[in-house]
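Residues per chain are reported as follows:
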Amino acid sequence: MRARVLTVLGWVWRYALAALVLLFSHRRTVARERELPANTRAETWTASLLFAAALAGLAFVAIYAFDDADTQLLGLSIAVALALVAAGLILAASLVVPQETLEECRPAFADPTEEEEDVEDAALTLREGVDGVTRRRLLKAAGGAAGVGLGTAALAPLASLGPAVGDRLGASPWKDGVRLVEENGMPVKAADLEIGSFLTAFAEGADKEQLATSLAVVRVKPDELELPEDRAGWAPEGILAFSKICTHAQCAISLFRYPLFAERSPGPALVCPCHYSTFDVLDGGERIFGPAVRPLPQLPLRIEDGFLVAAGPFSGAVGASWGKVKEEG
Amino acid sequence: MRRVRRVAMGAAALLLGAFAVAAWAQSPSTSTSAATETATAASMAELGRSSLVGQGRELFETSCSSCHGFEGKGVKGQGPSLLDAGESAADFYLRTGRMPLDQVGDEPLRGEPRFDEKDIRALDAYVGSLGEGPAIPKVEPAKGSASEGMEMFTESCAGCHGIGGKGGVVIGGYAPPLGEATPTEIGEAIRVGPYLMPRFSEAQITPADVNSIARYVELTEHPEDAGGFGIGHIGPVPEGLVAWLAALAALLLVARLIGERAGDDRDDDEAEQPR
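Protein sequences appear in the order of chains A and B. Take 1 as the starting number for the first sequence in the working numbering and just add one per residue. Take 1001 as the starting number for the second sequence in the working numbering and just add one per residue.
Next comes chain A alone, as it looks inside the complex:
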C-alpha cells in the first residue's frame, strides 16, 4: 500500500517538474538537432477513423431508441465502432506518432556550474517530443468524439433498467378460463396425457415470447399427490401445470423424470437443464435440489369438455427472482 502511494507520488512529482521546466525555461531558438516530418495524411486518416467510430457509437444509440430494435444491428454497430477505434489507434501508433531510435550517451560527470544548461536541455527534449504531429487539435477532437460516441453507446442501455421495466416482467396471460394449447395451437386433451408423461403448453392466443406463457404440463397418479391444502383441486386427474421458466436463471425447464418404480427411485420432478435446479411436482413445485430459491409457480387447472383450462393465475411470480419478487418469496 505504502509502496503504491510512493509510486503515484513519484509520477505526480515528475509531471509537476516537467511542467515547471517548460514554463520557466527560456525558449532557445537554436537549430534543432533533428527534424521529424509530420505525416499529415496519416493524421487526416486517423481523425476520420475516430470520427467514424463516434458515428457508429451514436448509430447504436439511435437503433436502441427503437422499441423492437434488432439485437444483431445493435451488436453490429458496436462492433464497427470498436473496430474503427482500433484501426485509428493502430494508424496513429505506427504513422502519426514519430518512431525513432536514439542512443543515449553515457552521462558526463556532473558539473554544478552547468546545471542551468541541463535544465534548458531537458526543456528542449520535452518540446521535441511534440515534433512530428501538426494537427493536434483535430486529433484531440476526433479522439474526444470517439470517446463520447462509444461512451453514450455503453451507457444508453441503462435506460432499460429501473422504472422503465414497468410491470412487463409480471404480466401473465393466465386467468380463469384460458385454454392450454400445444405448440401447433391445438387445445390440449386431458386424455392424451399418459401417466408419467409431460408436454409443453402455451396460453391460447398469447404471445409465445412472453415469459409467463409457457407451461410444463405433467401427469402423475392422483393418489401420489401431496399438494398443500389450499391447492386441493388444482390437479384434476393428476394433471399438473407449472411455469416452464426456472426461478433461478429463467432457462426453459425441459427435463422431467418419472419413476417406473417409485419405491426404489427418486420421485417425479422437473429439472432445469442449465444448472439442474430440481422441483418436486408432487408437492406443488418445491425446490429439492440446485441453485433456485423459490418454488416453481403452479397453475391451477380444470378440465372442460375433455380439454385443459386454467382455473386461475399462477401461484407465484414467474421467472428469476428480482427486486420485490425476492422479498415476497
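There are no misleading hints in this set.
Just so you have them, the derived chain B footprint on chain A, three or more residues with Cβ under 8 Å: (1) 180 to 191; (2) 196 to 207; (3) 261 to 275.
One side of the interface only, derived from the structure: several residues of chain B facing chain A at Cβ under 8 Å: (4) G1077; (5) V1104; (6) G1105; (7) G1159; (8) I1171; (9) G1172; (10) G1173; (11) G1193; (12) P1194; (13) Y1195; (14) P1198; (15) R1199; (16) F1200; (17) S1201; (18) A1203; (19) I1258.
If you're looking for bench data, these hints aren't it; they were derived computationally from the structure. These numbers were taken from a predicted model, which means no experiment stands behind them. Cβ atoms here follow ideal geometry from the backbone N, Cα and C, with glycine treated the same way.
Position chain B relative to chain A; hints supplied.
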C-alpha cells in the same frame, strides 16, 4: 381368470391339432380342405405361443421372481409389479441387458444381455401374457421423416438425451446416449418410460412419429459435421470454448504482426545513422 382361459384355449388348440392330424391321417387320398389347413396353422401358432409362455414362465420363476414376485405381482420394496408392463417393457429391459439388476435399487444401465434370443422371446411372451401392457412396437425408420423426427425429438427427448442423442444427466439418474439403441428399443422406451424416463401415449407420439424419431436418432449416429469437427456433439458450450480459443490465437497473431511491423521500422532507423 386369464390363466384359466389361456389353459383352456391351449387344451382346445391341442385337441383341435390332434383332430386335424387324425383327419389328415384318415383320408390320405383326398386333398385337405383350405379351411382345415388354416385352422391347423392357427392352432399350431397358438400352441407354439402357449408353450413359449410356459417356457417363459419357468425362466421367470428361476431368474426374475425373487424381486418381481410370483406371477409378476411384484415384491414390496424390491421390484415393481409386471402385470401391465407388457412385452414391450420385458423386451426393452432384457435386450439392453438392463435386467436382471446386480443389486436391487441400482439404476438399470445398458450392458450385455444375460439371456439368449430364445429365452428373451419366451420371457417377453410370458410377461406380455400377464396383463394389458404395450406390445412390442414395429418401428420402421425408413418410413419416417428426419426433419419431423428432429422436431419431435427436440420437443420431447432432447431435454435429457441432448439434441445430438449423446445422453446427459437428470438429477437422480443418467439419460443414456442413444447410439446403441435399435429402432425397436427406441419405440419401446417411448411407450414404457424405463426407470426415470417419462412415457408417451400413442396420442402424444403416434407410431408414425416414432418412425420419424428413430430415423432422426439414426441420423445423429453419423452426423454430417459441416465444420469438419463435431466437438463431441454436446452443444454450444464446448463450441463456444473452441471459438474463444481460436479467437484468442487469432488475436495473438494480429498483435504479433502489428509488433513485427513496428520492429521493422525501428531496424531501418538504426541502420540509418545511430547517434
